[in-house]
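Listed in order, the protein sequences are those of chains B and X. First residue of the first sequence? That's 0 in numbering that gives the first Met the number 0, and the numbers climb one at a time after it. First residue of the second sequence? That's 0 in numbering that gives the first Met the number 0, and the numbers climb one at a time after it.
Note that these hints are calculated values from the structure, not bench results. There may be inaccurate statements among the hints.
Note: identical chains are not told apart, hence a pair may lie in one copy or across any two.
[Said to hold, decoys possible] Listed next, the in silico BS3-like pairs over lysine-lysine satisfying Cα-Cα at most 25 angstroms (straight line):
| hint | residue 1 | residue 2 |
| --- | --- | --- |
| 1 | LYS161 | LYS97 |
| 2 | LYS343 | LYS291 |
| 3 | LYS210 | LYS291 |
| 4 | LYS326 | LYS6 |
| 5 | LYS257 | LYS326 |
There are 2 protein chains.
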Amino acid sequence: MDLAYIKELHQFYQKELLEDTLPFWFPRSIDQKYGGYLLMRDADGSLIDDDKAVWIQGRAAWLLATLYNTVEKKQAWLDGAAAGIDFLLNHCFDPAGKMYFHMQRDGTPIRMRRYFFSETFAVIALAAYAKATQDARMAEKARELFTRCLEYAKGERLMTPKFEPTRPAKAIGIPMIMINTAQQLRETIGDPRCDQLIQDWIAEIERDFVKEDIRCVMEQVAPDGSIIDHIDGRTLNPGHAIEGAWFILHEARYRSNKHYQQLGCKMLDYMWERGWDKTYGGILYFLDVYGKPVQEYWQDMKFWWPQNEALIATLLAYTLTGDQKYKTWHEDLRQYTENYFHDKEHGEWYGYLHRDGSLAQTAKGNLFKGPFHLPRQQWYCMRLLSALVTAN
Amino acid sequence: MDLAYIKELHQFYQKELLEDTLPFWFPRSIDQKYGGYLLMRDADGSLIDDDKAVWIQGRAAWLLATLYNTVEKKQAWLDGAAAGIDFLLNHCFDPAGKMYFHMQRDGTPIRMRRYFFSETFAVIALAAYAKATQDARMAEKARELFTRCLEYAKGERLMTPKFEPTRPAKAIGIPMIMINTAQQLRETIGDPRCDQLIQDWIAEIERDFVKEDIRCVMEQVAPDGSIIDHIDGRTLNPGHAIEGAWFILHEARYRSNKHYQQLGCKMLDYMWERGWDKTYGGILYFLDVYGKPVQEYWQDMKFWWPQNEALIATLLAYTLTGDQKYKTWHEDLRQYTENYFHDKEHGEWYGYLHRDGSLAQTAKGNLFKGPFHLPRQQWYCMRLLSALVTAN
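Using the sequences plus the hints, can you model the full thing?
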């Protein structure tokens with residue numbers, strides 16, 4: 000491994016995180032009046048909308064508590080995390096305990112959705128905040144909500160289904176989000192269930208979603224792991240599969256487990272081959288496993304988040320294996336994102352580029368984008384590199 | 000009016016409809032085994048998926064029955080319409096009478112959605128087929144289903160809501176689709192309710208959605224017609240508003256009503272000003288009323304259907320008013336669509352272009368695209384021009 004490169008890269012990610020991304024969002028986004036965060040912002044930081052997306056409220060609280068736990072004991076970060084936790088706990092649950100998706104600024108609910116991602120992001124926020132505050136009640140809340148997520152994931156707690164039972168399918172997103180949630184829980188407050196659960200979810204991904212014969216990670220499959228040969232079943236999401244790859248590489252590193260390392264690298268290899276745009280650079284959004292048209296029409300756009308997930312995956316793969324291929328991929332992607340996504344005037348990244356890298360629209364925050372994928376990537380890379388610098 | 004131009008254009012639309020668009024879809028798309036149509040096709044006509052989208056099943060049956068009623072008494076068209084009607088009636092209703100959205104080829108349901116567009120397209124299909132066959136039972140079914148649509152539209156028959164009641168909103172899509180459905184019903188089998196209903200819906204659009212002060216047609220508003228200053232409330236859909244404009248211009252022509260003519264032209268003017276892409280041509284998909292970022296990221300793409308709706312609106316406006324501006328708009332758009340959307344090798348149009356006119360993806364048919372907006376446009380323009388040729 001190239002130590003000078005590791006050191007330089009560490010400086011780069013630390014500076015980008017602390018001097019570019021974070022100042023874009025904080026402190027101005029903390030809502031002093033109602034708690035939570037005002038995150039729907041245009042490129043220059045001006046507020047587009049004062050609504051609050053529950054996913055992003057949880058993710059921002061997670062980020063601030065995690066920075067407090069792992070980077071520096073800044074009171075402003077802890078207070079910022081508290082604002083988000085208060086908003087989540089006081090407003091974002093319906094009377095039956097299901098979390099909303101979209102809130103008015105004052106905490107009045109606007110929309111519930113039929114999945115449980117609001118819950119998973121609240122788990123990691125509560126767990127990180129519990130660690131930061133050493134508050135046992137918060138840790139208990141995190142574990143209880145994680146239990147509820149497990150019930151949803153296993154189908155023991157039912158949500159109104161979107162589809163008839165005609166063509167049963169399962170999505171890689173469920174084991175993926177659960178792996179990451181369990182990893183966070185384990186790393187912050189500890190939970191004796193997590194090791195076994197993570198192992199089982201990785202086994203499910205390997206068994207049912209990773210297809211060696213066609214070098215592919217499927218986004219959804221039939222319950223027995225077979226490919227559903229219809230438009231939805233054939234649709235691949237390379238950036239998402241690569242995110243799954245790094246969750247598994249993270250586990251490989253945590254357990255020093257070579258099999259997980261090979262599995263994560265394989266998933267990254269397969270989906271980089273398919274998802275990297277050889278013409279313009281960057282990771283494409285959707286592809287059809289057999290090259291047919293997908294249902295979406297914006298499938299060749301470049302979104303910020305797949306690039307961030309691929310930056311983590313390639314750096315993890317490089318630092319675990321020392322394989323120069325992954326360093327090249329990481330550098331190609333880092334260069335690409337610096338050139339096209341990074342807004343050097345106002346800080347942070349644009350969210351949405353056309354395939355050719357031109358800007359499709361300027362929002363830095365909306366219902367789905369906020370301070371998460373980019374700062375998580377910078378934080379994760381910084382910490383990974385920091386450990387290597389220290390170890391060498 | 001330029002009669003030579005009218006004649007030439009009439010020939011153009013007739014040829015495109017009968018020798019280019021229809022042969023792409025029929026007869027190969029009629030499912031001889033299960034009824035209905037196999038419409039999810041790639042650019043070259045190869046089948047991408049044998050699923051059936053209920054919207055498009057209804058729309059295709061409407062098209063074939065309408066061609067039989069208005070163009071030529073071809074048995075193949077009538078038989079083709081029958082295949083769709085049978086599939087709709089035998090498979091696409093749940094036991095409570097609500098229509099599904101997405102079916103397996105054999106008629107097993109895959110998905111229900113929480114709106115009633117499947118129903119409105121089935122109404123126009125049934126009504127056109129009732130006229131073609133002179134079957135009173137079919138006419139009765141069309142009227143009963145229209146009554147159900149009225150109950151949904153008025154909120155007398157409830158569907159599971161997607162949103163909490165926090166921020167009530169109404170969409171222009173409801174009065175629009177109901178105007179068009181009622182116009183079809185009136186023109187095929189007659190229905191004494193339609194004139195008054197159409198008048199009321201046009202009045203609602205004029206009162207609540209058309210904003211003279213900012214020269215705009217809103218896509219959604221608060222129940223009192225005020226603009227909801229959040230991302231969703233600010234989002235405009237110029238092609239959709241222009242479709243609404245031509246439904247009203249159609250009514251203006253039917254009733255020789257100058258007020259409706261002015262209203263339709265005003266809506267077209269406002270949304271052409273906003274929606275026509277002065278850089279690349281074509282109608283953009285979404286815009287924010289105040290120029291802020293919208294939630295969607297593909298908002299600057301060019302879809303086939305807004306162009307088709309704008310072709311009808313500009314031609315109606317030109318033939319009603321004689322204003323050269325509308326002829327210019329129509330010709331600019333016709334040239335643009337011929338250059339970029341029309342697939343001269345395999346027939347029909349592509350559905351999805353990038354803003355700059357380059358092809359985003361190749362599907363000619365999927366869950367949302369099928370033989371409707373393009374052939375309806377060609378049929379409508381052909382019939383409008385034919386009436387003018389005859390009258391002059």
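Here is how each hint holds up against the structure:
1. Both within a single protomer and between protomers do LYS161 and LYS97 lie at most 25 angstroms apart by alpha-carbon distance, with minima of 17 angstroms and 15 angstroms respectively.
2. In this assembly of identical chains, the alpha carbons of LYS343 and LYS291 lie at most 25 angstroms apart only when taken from different copies (20 angstroms versus 37 angstroms within one copy).
3. Taking the shortest Cα distances, LYS210 and LYS291 sit within 25 angstroms of each other inside one copy (18 angstroms), while across copies they are farther apart (43 angstroms).
4. Taking the shortest alpha-carbon separations for LYS326 and LYS6, only the intra-copy value of 14 angstroms comes in at or below 25 angstroms, while the best inter-copy value is 65 angstroms.
5. In this assembly of identical chains, the alpha carbons of LYS257 and LYS326 lie at most 25 angstroms apart only when taken from the same copy (19 angstroms versus 69 angstroms across copies).
Against the hints set out earlier in the document, no violation occurs for any number.
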